[in-house]
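In order, the protein sequence lines correspond to chains D and U. Sequential numbering from 432 applies to the first sequence in the working numbering. Sequential numbering from 432 applies to the second sequence in the working numbering.
Hints may contain errors.
It does not matter which identical chain is used: a pair holds within one copy or between any two.
Capping the alpha-carbon separation at 27 Å, the derived lysine-lysine pairs in DSS-like fashion look like this [stated by the list, open to error]:
no., residue 1, residue 2
1, K442, K910
2, K584, K879
3, K670, K546
4, K644, K770
5, K526, K550
6, K910, K879
7, K438, K484
Read the hints as simulated data drawn from the structure, not as lab findings.
Number of protein chains: 2
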Amino acid sequence: MTSFTQKPLYKIANPQSIVFFGASNNAIRMGSLMLDATLALGYEGKIYPVHPKEDTVAGFTAYRRVMDIPIIPDLAILVLPTDIVADTLEECGQKGIGHAIIVSGGFSETNAKGKKQEKRLQAIADRYSIRFLGPNCLGVINTYHRFNPTPIKADGFPGFIGLASQSGSFLTQMFNYLHLNGMGFSTGFSVGNEANIDIVECMEYLGDCPNTKVIALYIEGITRGRAFIKAAKKIVPHKPIVALYVGGSEAGRKAGFSHTGSMAGPDEIYDGMFRQAGIIRAKSLSEMFDFCLALGNLPAPKGNRVVIQTHSGGPGATAADACGRSGLELPGLSEETIKKLSPLIPHTASINNPVDMTFSKNMLSEFNDIPDALLGDPNTDILMIYFLNPNIFLQGIMEQSGLSVEEAQDKTKDIIKGISEQLFEVKVKHDKPLVGYTYRSLQEDPVKTMLQKGIPIYNDPERAAHALQALITYYGYKKRQEGGQWENH
Amino acid sequence: MTSFTQKPLYKIANPQSIVFFGASNNAIRMGSLMLDATLALGYEGKIYPVHPKEDTVAGFTAYRRVMDIPIIPDLAILVLPTDIVADTLEECGQKGIGHAIIVSGGFSETNAKGKKQEKRLQAIADRYSIRFLGPNCLGVINTYHRFNPTPIKADGFPGFIGLASQSGSFLTQMFNYLHLNGMGFSTGFSVGNEANIDIVECMEYLGDCPNTKVIALYIEGITRGRAFIKAAKKIVPHKPIVALYVGGSEAGRKAGFSHTGSMAGPDEIYDGMFRQAGIIRAKSLSEMFDFCLALGNLPAPKGNRVVIQTHSGGPGATAADACGRSGLELPGLSEETIKKLSPLIPHTASINNPVDMTFSKNMLSEFNDIPDALLGDPNTDILMIYFLNPNIFLQGIMEQSGLSVEEAQDKTKDIIKGISEQLFEVKVKHDKPLVGYTYRSLQEDPVKTMLQKGIPIYNDPERAAHALQALITYYGYKKRQEGGQWENH
Numbered sequence: 432m433t434s435f436t437q438k439p440l441y442k443i444a445n446p447q448s449i450v451f452f453g454a455s456n457n458a459i460r461m462g463s464l465m466l467d468a469t470l471a472l473g474y475e476g477k478i479y480p481v482h483p484k485e486d487t488v489a490g491f492t493a494y495r496r497v498m499d500i501p502i503i504p505d506l507a508i509l510v511l512p513t514d515i516v517a518d519t520l521e522e523c524g525q526k527g528i529g530h531a532i533i534v535s536g537g538f539s540e541t542n543a544k545g546k547k548q549e550k551r552l553q554a555i556a557d558r559y560s561i562r563f564l565g566p567n568c569l570g571v572i573n574t575y576h577r578f579n580p581t582p583i584k585a586d587g588f589p590g591f592i593g594l595a596s597q598s599g600s601f602l603t604q605m606f607n608y609l610h611l612n613g614m615g616f617s618t619g620f621s622v623g624n625e626a627n628i629d630i631v632e633c634m635e636y637l638g639d640c641p642n643t644k645v646i647a648l649y650i651e652g653i654t655r656g657r658a659f660i661k662a663a664k665k666i667v668p669h670k671p672i673v674a675l676y677v678g679g680s681e682a683g684r685k686a687g688f689s690h691t692g693s694m695a696g697p698d699e700i701y702d703g704m705f706r707q708a709g710i711i712r713a714k715s716l717s718e719m720f721d722f723c724l725a726l727g728n729l730p731a732p733k734g735n736r737v738v739i740q741t742h743s744g745g746p747g748a749t750a751a752d753a754c755g756r757s758g759l760e761l762p763g764l765s766e767e768t769i770k771k772l773s774p775l776i777p778h779t780a781s782i783n784n785p786v787d788m789t790f791s792k793n794m795l796s797e798f799n800d801i802p803d804a805l806l807g808d809p810n811t812d813i814l815m816i817y818f819l820n821p822n823i824f825l826q827g828i829m830e831q832s833g834l835s836v837e838e839a840q841d842k843t844k845d846i847i848k849g850i851s852e853q854l855f856e857v858k859v860k861h862d863k864p865l866v867g868y869t870y871r872s873l874q875e876d877p878v879k880t881m882l883q884k885g886i887p888i889y890n891d892p893e894r895a896a897h898a899l900q901a902l903i904t905y906y907g908y909k910k911r912q913e914g915g916q917w918e919n920h
Numbered sequence: 432m433t434s435f436t437q438k439p440l441y442k443i444a445n446p447q448s449i450v451f452f453g454a455s456n457n458a459i460r461m462g463s464l465m466l467d468a469t470l471a472l473g474y475e476g477k478i479y480p481v482h483p484k485e486d487t488v489a490g491f492t493a494y495r496r497v498m499d500i501p502i503i504p505d506l507a508i509l510v511l512p513t514d515i516v517a518d519t520l521e522e523c524g525q526k527g528i529g530h531a532i533i534v535s536g537g538f539s540e541t542n543a544k545g546k547k548q549e550k551r552l553q554a555i556a557d558r559y560s561i562r563f564l565g566p567n568c569l570g571v572i573n574t575y576h577r578f579n580p581t582p583i584k585a586d587g588f589p590g591f592i593g594l595a596s597q598s599g600s601f602l603t604q605m606f607n608y609l610h611l612n613g614m615g616f617s618t619g620f621s622v623g624n625e626a627n628i629d630i631v632e633c634m635e636y637l638g639d640c641p642n643t644k645v646i647a648l649y650i651e652g653i654t655r656g657r658a659f660i661k662a663a664k665k666i667v668p669h670k671p672i673v674a675l676y677v678g679g680s681e682a683g684r685k686a687g688f689s690h691t692g693s694m695a696g697p698d699e700i701y702d703g704m705f706r707q708a709g710i711i712r713a714k715s716l717s718e719m720f721d722f723c724l725a726l727g728n729l730p731a732p733k734g735n736r737v738v739i740q741t742h743s744g745g746p747g748a749t750a751a752d753a754c755g756r757s758g759l760e761l762p763g764l765s766e767e768t769i770k771k772l773s774p775l776i777p778h779t780a781s782i783n784n785p786v787d788m789t790f791s792k793n794m795l796s797e798f799n800d801i802p803d804a805l806l807g808d809p810n811t812d813i814l815m816i817y818f819l820n821p822n823i824f825l826q827g828i829m830e831q832s833g834l835s836v837e838e839a840q841d842k843t844k845d846i847i848k849g850i851s852e853q854l855f856e857v858k859v860k861h862d863k864p865l866v867g868y869t870y871r872s873l874q875e876d877p878v879k880t881m882l883q884k885g886i887p888i889y890n891d892p893e894r895a896a897h898a899l900q901a902l903i904t905y906y907g908y909k910k911r912q913e914g915g916q917w918e919n920h
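Next comes chain D alone, as it looks inside the complex:
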């Protein structure tokens, strides 16, 4: 087995030096945008632009030809007109460059001529032992290596999601989405036409990647079905895989075909393939990332018994209904838990499940003593909490106590920061899955801080319940895969 740093994708995602074809001083060209985004994330490797006329590009010495570069760069990035891509790749081969990302389109996704040109790329790569991503792709991001040669600047922070995508948009156009929803990529690949490196190889790389806790796949069609299943089965026992497949409906199949030229198969075939491989299937892109948020942040649940903590009846009832419809159970609380809760909640509160605290005696106990008691109950496998933003009430309490508006704001901010940390400690202490839901913006504290700390919070209890269902399904797959029962499939 090839070690992680020896894998061809390692140098594509972690190059120490790159040669850039197609970046110029015209800031709105694709190549320039990609170089700009690379610099914006703080890439610290060496950059060698090749340009036929310019002496410098974005402040770097530009070279007329790749041969003129004083070293052999780890990676070539090609953002060039279709007709000159093959010759350029050949020159890279002659230079001794072993890895490339070919962004240019106009190949097998277009017509017979494009197919022929793509075959030529493959032949050149084979001749020079070049491994490449693309063509017709949007590149790669490795947030830990501060490397983002894609056309869009990355928002947010490094995360734990490893993506392999048959759509470049679902790499680049998700930076902002993930950031807003408390997630981030570790490494992401836009695989394009998969002329040399395919999605299976990307998945295998992400399986080994130490920064990746969960793998997300956007699939329009898989060519190497057997290899795909085999590779996934090796990964699933130690890392969850979530997939969105859009080729199952006639409309999705046609759209995918015109996009990447991939051949999709009937829904049931893919369904079977995913089940066999132990891959969780999502039905939309937002659901795929919802699942990632839970799978990357939560420990294995002991069972499917969910306790719901709320201070409002309606949100409790919708969560209960969503859990019920997702096959989760709502256990009653033990006598001991009820005893622990009674000094914490008002007499009008309901100590059924959902635990409805109505207006709490001490609203801060929602973040420490109450979830601590609920997670401590042996009948509780999972805790789901409804969050309303307590700022508005806290601010009032502070002002009431004689503080000025500014003092009250500062004090409230401190408290909110404190309770986020307390809840996180409760989660760690019990090592049981804890999720939240809210109808407020995820950009507000305490929700924002809790999300960043690793408590998955969703904008609807249904999304939280589906994510828990995915979590339970994953640990079921993992158990069976570890047990070896699936070896003969």
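Given the coordinates of chain D, assemble chain U onto it according to the supplied hints.
Coordinates of chain U only, in the frame set by chain D:
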């Protein structure tokens, strides 16, 4: 038939004067929060606090007893300890007040004693011909009357959603959610225990309310089933109704019972009731409001043929798949439309459906000429557009053209404003449903402005497709109801 302004709920939602029991100068008491939120929305009617000790409350002259108030207020709002609610209501009756909101809890939702106390409220109301909302409710909001006697200040702007909710949280805790998603309430009622006015009467009121374009119902259990169906059937031909029912699963039923004491029924019974009445059923709260966004903003579709406009293959394919799974069709484009498009899109673009423009020749044409051509196609019933924020590219183009960063920002802002308006004009011109989807924040322009102008935009194509499915279902119901085929049900 009672005219709209003669309905008992009219004075509850549009009072010219109110008496407030339970507000004080202690800012964090429930009654004080409610008075504060009322003032914050700019209520212009007269306010008479009643307080046993204070001389003024929130700057208003306070009265010891309701009898001391110089006029007969339109509405009494009671936020008092359970035990003194009935006597206070009786005094209101003696004063001649005809309408009340009883916020206080501790009635039939608790125990036998509470049930008895609620019966007493009903008897008093009958004796004095008082119509009241509650008890155990969170009040009402009428954004057009600037009237918000609820514990939470209202975000955002007046909207077209009329809500009748068996959860107070789903009134007050949705202000922020709706604002962030481009919606707002016209009038919303928290019905509480429905001891006097029930959800059916609220629905009837909203059916007549001129500011309400679509009615949303949060239901844990309906007592007057026949009346509910009859009332809904009258409303549906001129106004859509969307309902979320949570009592259908065992978990949801139990939770609802412990919340409002309502008796829920099996899922199938409610499903049948909704279908018979022509009510669209949503499966989550966010879906309910997703449906409202489409139903309140879009004209009747002529059919189910959706054209998808995108500049990225992946988002096009996920939208196609989502449409396919939601029973929508993707027609081909007519020869004439293809001719119109060819000068507008690059030669690498796909003129199948999805129409994938890849990188546009002129990215602004995505907001005018291209959707104009697509909506003009006789085969297009509905247009669905994928939005990426063009700001980042525009800004670069502007700077490239020699403008300073600040000038480029201003110019970009102007252009973005302009294109939002252009797309809105295209929508109006063709009078066909137009929806959008994006993975960016809905708080960014141009999406934010387009949302405010009435173009429904969702954070996932699946949500958009489900909303279109609801739109088509509604116009199917409407047609059948108008045709009278359902009269004998």
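Consistency of the hints with the structure:
In this assembly of identical chains, the alpha carbons of K442 and K910 never lie at most 27 Å apart, being 34 Å within a copy and 62 Å across copies at closest. Taking CA atoms no more than 27 Å apart as the test, K584 paired with K879 passes in both settings, with 22 Å inside one copy and 21 Å between copies. For the homomeric pair K670 and K546, neither the shortest alpha-carbon distance inside one copy (36 Å) nor that between copies (54 Å) is at most 27 Å. In this homomeric assembly, K644 and K770 never come within 27 Å of each other (Cα to Cα): the closest approach is 39 Å inside a single copy and 49 Å across copies.
For the homomeric pair K526 and K550, the shortest alpha-carbon distance inside one copy (21 Å) is at most 27 Å, but the shortest distance between copies (91 Å) is not. Taking the closest pair of Cα atoms, K910 and K879 never come within 27 Å of each other, the shortest separation being 33 Å inside a single copy and 46 Å across copies. For a Cα distance limit of 27 Å, the shortest separation of K438 from K484 qualifies neither inside one copy, at 35 Å, nor across copies, at 79 Å.
The structure fails hints 1, 3, 4, 6, 7 (numbered hints given earlier, in ascending order).
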